Amino acid sequence: MKEIFWNTIASYNAATWPWQLAFIAAAAVLTLLLWFRPRRWVRIAAKLYMVIISLWIAFVYYLKFASAREHSEVLAIFWCMMALAWIYDLVTNFSSFSRSGKASYWGLIVLVLPLAYPFISISRGFVFPGITMPVLPSAVALYMLGMLMTFNEKINFFAYIFILHWSIIAISKITLFDIPEDILLAVSSIPAMVIFFTRSLKSMSGKFKPSDKTVTVLISAVAVLLAGSLLAG
Amino acid sequence: MTREQIAETADFIARYLSYMLGAGVHTSRVVRNSKRLGNALGVDVAIHTSQKTAMLTVSDKDSNVLNTRVVDIPSFPISFEWNADLSALSWAAHDRKMTLEEVRREFDTLVSKPGMNPVFVLFMVSLANASFCRLFGGDIWAMLVTFTATMIGFFTRQHLTKKKVNHYIVFIVSAFVASICASTSLSLGIPTAEIALATSVLYLVPGVPLINGLIDITDGHIQTGISRIVNAFMLIVCIAIGLSITLILVKNSLL
Amino acid sequence: MIILDIISDGLFAAVAAMGFGSISGPPLRAFPYIAILAAAGHASRYCLMTFLGIDIVSASLVAAFIIGCGSVPFGKKVFCPMTVLYIPALLPMVPGTYAYKTVFSLIMFFQEISSPTKGNEYLQEMIFNGAVSFSVLFMLAVGATVPVFLLRERANSMTRGSKFI
Chain L
1 MKEIFWNTIA SYNAATWPWQ LAFIAAAAVL TLLLWFRPRR WVRIAAKLYM
51 VIISLWIAFV YYLKFASARE HSEVLAIFWC MMALAWIYDL VTNFSSFSRS
101 GKASYWGLIV LVLPLAYPFI SISRGFVFPG ITMPVLPSAV ALYMLGMLMT
151 FNEKINFFAY IFILHWSIIA ISKITLFDIP EDILLAVSSI PAMVIFFTRS
201 LKSMSGKFKP SDKTVTVLIS AVAVLLAGSL LAG
Chain S
1 MTREQIAETA DFIARYLSYM LGAGVHTSRV VRNSKRLGNA LGVDVAIHTS
51 QKTAMLTVSD KDSNVLNTRV VDIPSFPISF EWNADLSALS WAAHDRKMTL
101 EEVRREFDTL VSKPGMNPVF VLFMVSLANA SFCRLFGGDI WAMLVTFTAT
151 MIGFFTRQHL TKKKVNHYIV FIVSAFVASI CASTSLSLGI PTAEIALATS
201 VLYLVPGVPL INGLIDITDG HIQTGISRIV NAFMLIVCIA IGLSITLILV
251 KNSLL
Chain G
1 MIILDIISDG LFAAVAAMGF GSISGPPLRA FPYIAILAAA GHASRYCLMT
51 FLGIDIVSAS LVAAFIIGCG SVPFGKKVFC PMTVLYIPAL LPMVPGTYAY
101 KTVFSLIMFF QEISSPTKGN EYLQEMIFNG AVSFSVLFML AVGATVPVFL
151 LRERANSMTR GSKFI
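Protein sequence lines, in the order shown, are assigned to chains L, S and G.
If you read the first sequence in my numbering, its first letter stands for residue 1, the second for the next number, and so on.
If you read the second sequence in my numbering, its first letter stands for residue 1, the second for the next number, and so on.
If you read the third sequence in my numbering, its first letter stands for residue 1, the second for the next number, and so on.
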């Protein structure tokens, strides 16, 4: 099972590395544009990029290259749902993709993390093409998370919870497929949960019971529980 | 009592009644409380209820003046807090001999109390469904997957409800989203993936209307009880439809 | 080990009751009592089913009766009608899987309608699951309402003199 997993990654990387470079370049351009010149069309382009890359993962990665694995079509459907979340965002203007607050700088760190994937693999003694690249599902999820954290004025919660779900799926693969790179995703997505939900609490404070403090305690407790059970598992 | 006073009292009791029924209080309690409230305000109340409308006749004890209302029952979200508070209000009116004006003011403050924080409910429901998964024999991975699957499903439900989408569609979509997320656990190759898949939609099961309907039936309000159960059953059908879409998508390769 | 099983069953039932109950917005003061009732009810049903081998329907009746009785003193304490406490506490025992399987078998029956053997199987499964889910639900409601019937006057004046309005 582990061999199949790494073989599919190797064949995927060998066949699509020019495409992957193009994706990374596009992501870099979009991120820089969003940071320095946030216009309406840039936001739309960023959301479109999210849709396209989700569909890429679903169809090219899971249905074409990883079809040797069991239940790869389930994960393809999941990434189609991720694409749907972004399409919904695009159509209804659900999130604003603009900067605010302190968490922006944390987001920048998270944004760079996907680029660390190949280096971690190489430092573990793997050679190209059998290494993790930035256009693999978990790295893409990490990039999306970074975008959400950086441009967090009003975020796409659908996409975020999908990413959180993905990080739980990914964590279980660490031991299963020997891919410790994915720990990055969990390490960043669980604190993001606390940040995002306490922020959304603040935006509607005062109108609800129980008090914001209680809810914040609950959220933090859930985050600790999640982290704890992930470690235990 | 003058005609106008009786009309005013009837107006208020009609509102009280429709709020209680709309917030999902079982029928015999609503009837009892409305009668108690009417008694406290010096009138007799006779009530007929059905699923979407209620009818009440308010009559003065001394004169022969009657006032009849047919009210639509508004569809509030179920609120146990209103149940407790409005019941207490009827006792307070009875015991403290409150006037109509006082009762009405108290009623307005009670129904404008803050509701549950949606983020709080989101986390509580996700935790609850994860525990439910455990009760059905799921392991830690199944619980974690159920937790986030419920979270996305319930968030979808909250979002669509806020957008005033038809609630049958809301149930189908949220059941589908939650179960699709839970189905990713199949790829982990854990033996409890099926449990995660089956429990992921259970947060939608309309337990309160089901139990309310049966309480109504045991109390003798059989028509209302049956209509509540049928209503809840429709929602269960919607859950099953949403889940079936997932199963047809996912299980084709499994079966 | 057995004790641990019972406690964890009660604990998870308590979390489930509070979580599912919070959708219906109970007063905050009721939450601890909902948790206690749910834990007691579900743990006792678990004990009855695993150690005494009682079927799910009768066990649910007993558990619901325990919850209903418990909601009398608690309801008086926090000035909540009994239903506000016992309905959320009953929620973890609502036979959701059976209800879902009933409808699911019905849908599968349509899918296999042309095959006589498989169609029959699904129809049988539907009746089985439907019978269990309806009976459990009925027993839950009856069991929790019996205390109301027994103490008519006391049970209906829980909120009398409430200091929360």
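These are computed hints drawn from the structure, not numbers from a lab.
Fair warning: this is a prediction, and the values are worked out from it, not measured in the lab.
Treat each hint with caution, since some may be false.
Beta-carbon label-pair distances, calculated as ranges [stated by the list, open to error]:
(1) L/A25 / G/S114: 34 to 44 Å
(2) L/K209 / G/G161: 51 to 61 Å
(3) L/I174 / G/L28: 54 to 64 Å
(4) S/D108 / G/L28: 17 to 27 Å
(5) S/N231 / L/A25: 51 to 61 Å
(6) G/S114 / S/S112: 28 to 38 Å
(7) S/S112 / G/K77: 20 to 30 Å
(8) L/I109 / S/K162: 44 to 54 Å
(9) S/Q5 / L/V91: 50 to 60 Å
(10) G/L28 / L/F36: 25 to 35 Å
Calculated lysine-lysine pairs in the DSS-like style (CA-CA distance at most 27 Å, straight line) [claimed, not checked]:
(11) S/K35 / S/K97
(12) L/K202 / S/K35
(13) G/K163 / L/K209
(14) S/K97 / L/K209
(15) S/K162 / S/K52
(16) S/K163 / S/K35
(17) G/K118 / S/K97
Built from N, CA and C at the ideal position, the CB exists for glycine as well.
Output the indices of the hints that this structure fails to meet, ascending. Structure breaks hints 1, 2, 3, 6, 8, 10, 12, 14, 16 and 17.
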